[in-house]
Amino acid sequence: MSTHDTPPEAHTAVVSGDGPERAVARGAAAVELERLVSASSRRRRVPRWLRRATGPVLLLVLWQVLSATGVLQSDVLASPGTIARTAGGLFADGTLPSAMAVSVQRVAVGLVSGVVVGVGLGLLSGLMRTGEDLIDAVVQMLRAVPFAGLVPLLIVWLGIGETVKVALIALAAAFPLYLNTYAGIRGVDDQLIEAGVTLGLGRWGLIRHVVLPGALPGALTGLRFALASAWLALVFGETVNASDGIGFLMDQAREFYRTDVIVVCLIVYAFLGLAADVVVRTLERLLLQWRPTFTGK
Amino acid sequence: MATDVHGEVTADRAVVEINGLTRSFDGRAVLDELDLTVRSGEFVALLGRSGCGKSTLLRVLAGLDRDIDGSVLVPRRRAVAFQAPRLMPWKRVWRNVVLGLPGRPARETAIRALAEVGLEHRADAWPKTLSGGEAQRASLARALVRAPDLLLLDEPFGALDALTRIKAQQQVAEVWQRRGCAVLLVTHDVEEALLLADRVLVMQDGVIAHEQPVDLPRPRDVGAPEFTALRAGLLAELGVVAPQSPL
Chain C
605 MSTHDTPPEA HTAVVSGDGP ERAVARGAAA VELERLVSAS SRRRRVPRWL
655 RRATGPVLLL VLWQVLSATG VLQSDVLASP GTIARTAGGL FADGTLPSAM
705 AVSVQRVAVG LVSGVVVGVG LGLLSGLMRT GEDLIDAVVQ MLRAVPFAGL
755 VPLLIVWLGI GETVKVALIA LAAAFPLYLN TYAGIRGVDD QLIEAGVTLG
805 LGRWGLIRHV VLPGALPGAL TGLRFALASA WLALVFGETV NASDGIGFLM
855 DQAREFYRTD VIVVCLIVYA FLGLAADVVV RTLERLLLQW RPTFTGK
Chain E
31 MATDVHGEVT ADRAVVEING LTRSFDGRAV LDELDLTVRS GEFVALLGRS
81 GCGKSTLLRV LAGLDRDIDG SVLVPRRRAV AFQAPRLMPW KRVWRNVVLG
131 LPGRPARETA IRALAEVGLE HRADAWPKTL SGGEAQRASL ARALVRAPDL
181 LLLDEPFGAL DALTRIKAQQ QVAEVWQRRG CAVLLVTHDV EEALLLADRV
231 LVMQDGVIAH EQPVDLPRPR DVGAPEFTAL RAGLLAELGV VAPQSPL
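Here the protein sequences line up with chains C and E, keeping their order. Counting in our numbering, the first sequence runs from 605 upward without gaps. Counting in our numbering, the second sequence runs from 31 upward without gaps.
Fair warning: there could be bad hints in the mix.
[Unchecked claim] Only part of the chain E face toward chain C is listed, based on derived beta-carbon distances under 8 Å:
(1) 92
(2) 114
(3) 129
Since the hints were derived computationally from the structure, they do not count as laboratory data. Quantities reported herein were computed from a predicted structural model and do not represent experimental measurements. We put the beta carbon where it would ideally sit given N, CA and C, even for glycine.
For reference, chain C alone in the conformation it holds in the complex:
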């Protein structure tokens, strides 16, 4: 702003009108005018997705340049070009699609189990004093244990088959869901509960019409965290002991110093994670359209 050094009472702004900026004499001192243009005319015409894609694309270009000039050796990190060719090959021979199917299925089953357990316990804890007393302390204690530390015990209990991987993912997903569902329920505005009471809602009516919708934003935040944890648990479970899946592919590649395959697997993980995030975002957009939130400018 160019008006910083003028005294505050001299500030004036023209909101409409299309003439050039003028200096208007008010009394003896000239008042400097500033044109406030409409926000929509100033907003770039570039679509949002394109703007968001710019960052990653620039990173790719930089990477390719570093690889081509030999700054980045291929046994440290393969070039984007090599990685693309490898990815093509892995897709063509069916290795990657089948590995992805296995991994996605693991996450899906694990996540659903985690949602059932996490949200279930969160509801019991959030809605009932007895539930809170019984469940919350136990969950908070277990939460302090890093889930990866439970792997030896899970292997003893469940063997090294499919169950242990799914259990690990379910475990990882359940905690954030529990915490956020519980916090969401306890964070529901007391004034709305009171309003509900004066409207004649009973206990179940209050839960259904006031508490649960009010807890939904929290629960969905929990779902996002749960997704992130679930992918983490998947990578962990698959690289520790597995005979199929993306993690297994990656583990194998490590033995042959195939950084290109490793990166392809990482990218696949990333894309699967992004896809899951899109699903949750869509859910949020549909379920939380009532919410008066700041959407960014």
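Given chain C, work out where chain E should sit, using these hints.
Frame of chain C, contents of chain E only:
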């Protein structure tokens, strides 16, 4: 506890009967042996300085506060409009209006109530898109749809701007004359109380300290000398020296 919040309307047409109502917070009696009777169809305004217990009294009448001693009789069908509209943000306006009604209330029911406050065109809006005045009207419609025998208004115009407040006050007066339900309006605005009420009560130290019947013809004129005189009297009761009126 010697209280019965769900009472029947008694034969002498009193819709609210309070005898010896006491409500204490940490040993301090906010309501102290309070007595109050409101007749059917009567518009009563409750004035008082902030913290005098007028909102506590309203909460007791609404059935929200039951840590009470004394006897309280209120109609089973009562409705509240709070200072904040308290609409459920996740329900569209018309669903907010019929929330809590028994059975599966039709949209028509909500529309009728919304039409009464001139808001039927906003039936499908989300509460976040309503202006302050609209939200307050939606809240009033939600109270009216219950066809209450007693309407409790807790400073419902407090958060509105001056122009919107005048319109909202007129609307409440119309609704009251049409419906004929008893109204208890809690406010700290002396003018508002005198504009709307048949009887103005001043609360002090947990009891009704002063009672002022208002026999002025409706619609009332803020500038009328009788009005000004009543206002000066009430302000004096509230411990405020009235400024000299321009009229």
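Results of checking the hints against the structure:
1. For residue 92 of chain E, the suggested interface contact is upheld, since its CB lies about 5 Å from the closest CB of chain C, less than 8 Å.
2. A hinted interface residue such as residue 114 of chain E counts as satisfied when its beta carbon comes closer than 8 Å to some beta carbon of chain C; here the least separation is about 7 Å, so the hint holds.
3. With 8 Å as the threshold, the beta carbon of residue 129 of chain E comes within range of chain C, its nearest partner Cβ sitting at about 6 Å, so the hint holds.
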